[in-house]
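Chemist: The chain contents come next:
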Amino acid sequence: MQAYRRSVLISTILTYVLIFIGGLVRVSGAGLGCPDWPKCFGRWIPPTSLDQLPVGMDPALFNITLAWIEYFNRLAGVLIGLSILITAILAVRFLRHDRSLLRGSIAALLLVVFQGWQGSRVVSSVLEPVVVTLHLFLALILVSILLFLTHRVYHLNKPRSAREDLPRRLTRILFAVTLVQTVFGTQIRSELEMLARNFPLLNDFERLARLGPANNWHIIIGLGITLLVIWIAIQIWLKLPGFRSLAGMMTGLIILLTLSQILIGILLLQNGLPAMLQVSHTWLASLMLGAALLLNLEYSYL
Amino acid sequence: MKMKIIIPAALGLLILFSTALWVIQKAGQERGRLPLLYELPSFEFTTADSQKFGLNQLSGKISLFDFIYTSCPGPCPRMSATMAVLYEQFSDAAQVQFVSVSVDPGRDSLSVLRRYRRQYGVIDQRWFFLQAPIEAVIRLYEEGFHLGGFLPVEHSTKFILVDDRGRIRGYYDSTDAMSMNILRTHIVELIRMMK
Chain A
1 MQAYRRSVLI STILTYVLIF IGGLVRVSGA GLGCPDWPKC FGRWIPPTSL DQLPVGMDPA
61 LFNITLAWIE YFNRLAGVLI GLSILITAIL AVRFLRHDRS LLRGSIAALL LVVFQGWQGS
121 RVVSSVLEPV VVTLHLFLAL ILVSILLFLT HRVYHLNKPR SAREDLPRRL TRILFAVTLV
181 QTVFGTQIRS ELEMLARNFP LLNDFERLAR LGPANNWHII IGLGITLLVI WIAIQIWLKL
241 PGFRSLAGMM TGLIILLTLS QILIGILLLQ NGLPAMLQVS HTWLASLMLG AALLLNLEYS
301 YL
Chain B
303 MKMKIIIPAA LGLLILFSTA LWVIQKAGQE RGRLPLLYEL PSFEFTTADS QKFGLNQLSG
363 KISLFDFIYT SCPGPCPRMS ATMAVLYEQF SDAAQVQFVS VSVDPGRDSL SVLRRYRRQY
423 GVIDQRWFFL QAPIEAVIRL YEEGFHLGGF LPVEHSTKFI LVDDRGRIRG YYDSTDAMSM
483 NILRTHIVEL IRMMK
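Line by line, the protein sequences give chains A and B. What the first sequence shows, in my numbering, is residues 1 to 302, in sequence order. What the second sequence shows, in my numbering, is residues 303 to 497, in sequence order.
So here's chain B without its partners, still in its complex pose (with noise of 0.2 Å):
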């Protein structure tokens, strides 16, 4: 009686736990599985202290990319409050950057994106807004990011993270809590393989 109680038992427990073990570890590394999307283009565009930003300001780095302008009414305020808090939760990471891109440049110039910088409490050089003529804007929003809609005012609301070759490796819905778990976990991975 009991060994026929024990052993289905034993059995069960030893199954139910080897499983286990396969399911975390798969999970584990589909978790931090990120796909080679597209290649950047070079571009040339201007920060707001001036200075020139490019490929090369990307290379060894880990970079977000978004599309806002702002004098933007909803959703860019709201997209860069968002970025603010992961600036704030990366600050420890100086491998990882920060980027928005204007797409309204003809009323953004450097002085209004520098007072746009000051409004999240950017201290420093990880958050970098950039500035060039809209027909550059359309064609890096375009081409090089693969993203729709008539700009500035269908902008994209997504994320877009970029690695340290200017690669896209993904994008992510900036108004969407678990999109933005999701984007936090690929930037740890990103960091880990850099490495």
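Next comes chain A alone, as it looks inside the complex (with noise of 0.2 Å):
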């Protein structure tokens, strides 16, 4: 158990951490670093000069720091699978009693190894947009069902309860809207790189004229967010006053990255979208799925 707990925590984590790197291969533009997959260049440790460059491979392509910090994701990946993997076995070992641990657990394996698939498509189709995006969205659905497990596994002897109330729908809402709203952004940034391409001489500021009514939705669901989220943190907060208990803590956390993500947006729009404010829009976008999904399984033990 107490392994599990382990196990099942730090890939939570090393997740998390996966997704900002997997942002920064985006932002950094590093995507192609390696034109092929799984393998860089034709060797497993990326090539240092042109001269270790396979015949036949265009060395136009070779760069060596974009090459690094598209395969340092690949072994960020790789690392993640096994941890999942790790954890996966403990669950069929020792956890078999808890359906929603084992299933969980074997899902969440299943997920990252299509998922490293999956990002092999990302490379071969040349970062088409609808695949990018799709490889982002896994992720979270990942990194929510290792929330998930996290969560079950400290409130393994605790009854559930069934009642459905108000908070908890509203927090289920939250959690749906938020993976709506960030597929939303990923939209708005494919639209940015489309006209990246099209229209190379465009500066930051022309392209951001140019953005079609994607951006206006983003910015309304936004809104929508924000309301929800003080409705939410009304509701939590009659119940369980205070940052004292788990709910309490990540209503306050919500509350905080629903702020800094609206300061962030409006950053993003006045600066010319700087890549690091970019990565950190993604980032905490991620991180505001996992505190609505927490606190929708903390009430849900209430």
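Quick caveat, the hints were computed from the structure, so don't treat them as lab data. The structure presented is a predicted model; accordingly, all values stated were derived computationally and were not measured. Warning: the hint list may mix true and false statements.
[Unchecked claim] In silico DSS-like links for lysine-lysine, alpha-carbon gap of 27 Å or less:
id : chain 1 : residue 1 : chain 2 : residue 2
1  : A       : Lys-239   : B       : Lys-328
2  : A       : Lys-39    : B       : Lys-328
3  : A       : Lys-158   : A       : Lys-39
[To be verified] Under 10 Å between C-beta atoms, here's a sample of chain B residues computed to sit facing chain A:
id : residue
4  : Ser-411
5  : Ser-413
6  : Glu-456
7  : Met-480
Using N, Cα and C, we set each Cβ at its ideal position, and we do this for glycine too.
Make one complex out of these two single chains by using the hints.
Modeler: Structure (structure tokens):
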């Protein structure tokens, strides 16, 4: 049990780190740092100089920094795959009596393997926007499963309540809307990248000005989420005032994340999309998703 | 208990974000780094409009070269179609010009080149089609551009980027979308460096 707890917690944290690294790969333009998969320029350790390139590989594609950024993402992915494999083995050996832990652990394992393969499609599609968005979407689902497992294994002997009241429904809606909003956000980035490809001479501000309706929808949904968060905070804190409980803490975290996201969103528009803010925006969205899920789960045990 | 979580978490975040800043900066520098490969020798070719075209016409311009012939069955139409896309995408950049050199001057007379040019919607002085005796073409192709293959049929499908001082800055596989992405970035980078 203790081993499983540790293993699933480490898997969750590492997956969050990997989501961050994935965002970093994208904004640093290193997605095609390795034009092949799973190897990088035909090697298990990326080449460090041009003469290590295999025959027939276009040297113009080679850039050592970008290759290593992309390859680091893959190595970290393998590490997480192993960590989840250990988690699943532990679940099969010691936690067979808990159906949700067993199923969840195996689902996470299957998903992480699929995610690795889907990563190869990201490269072979030359960063086709839908394929890239799917890669992030799957990562968000994976980290949600892991968070569910982590929460569950710390509440094994507590009974879950079956009541369906307002806070429970609201937190579920928050989770779903945050997921939709994140996908919308990646859609905006795809649009910007298409604009950069088709109109390479435009600067960031000119590209922003040409964005389609997705950008407006992103802002509208963002305002909706803000209202929803206020409503949830009132509901939760009426029952559990303060930050002492996990539910109270998560509520505080969600408010903090919402405010940060609004601020970063405005800064992105005003400053022509600095890369660091782009990574932060996506990553905080994934944290927000996790916090909404934890709040929902925690509430179900109250 | 709380401190035991908060301190490592804050430290972890700090490391994560500062590494990210460094990586982004480094990647930005690397993406725009263009090697200086070869200096082009002097040459004198004729454009489809019977104008002289040589090193002088390269100065102050970013030029994208390819080698084609109009009766070529497979690769050349694809190369020209790809070049036409770039020609369109960089239509607002007067400092970027496109240069297609015929590797079959025996058949590609100036009027044939003019007809070929019309097919790709060339309406201004940003895309040149060049002709010269085959010996001069081979000399430029092999000694100037360092390309290989028996002309005309085995000509290269690469696009070659030449800067405003007649220096080759990169070779890009015109049949590969990844290479074309990199090429676009490099053209934009050269424009920025010229400013």
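Chemist: Hint by hint, say whether it matches the structure.
Modeler: Cross-check of the supplied hints:
no., hint, result
1, Lys-239(A) x Lys-328(B), "50 Å, violated"
2, Lys-39(A) x Lys-328(B), "23 Å, holds"
3, Lys-158(A) x Lys-39(A), "47 Å, violated"
4, Ser-411, "34 Å, violated"
5, Ser-413, "33 Å, violated"
6, Glu-456, "16 Å, violated"
7, Met-480, "5 Å, holds"
Checked against the numbered hints above, the structure breaks hints 1, 3, 4, 5 and 6 and satisfies the rest.
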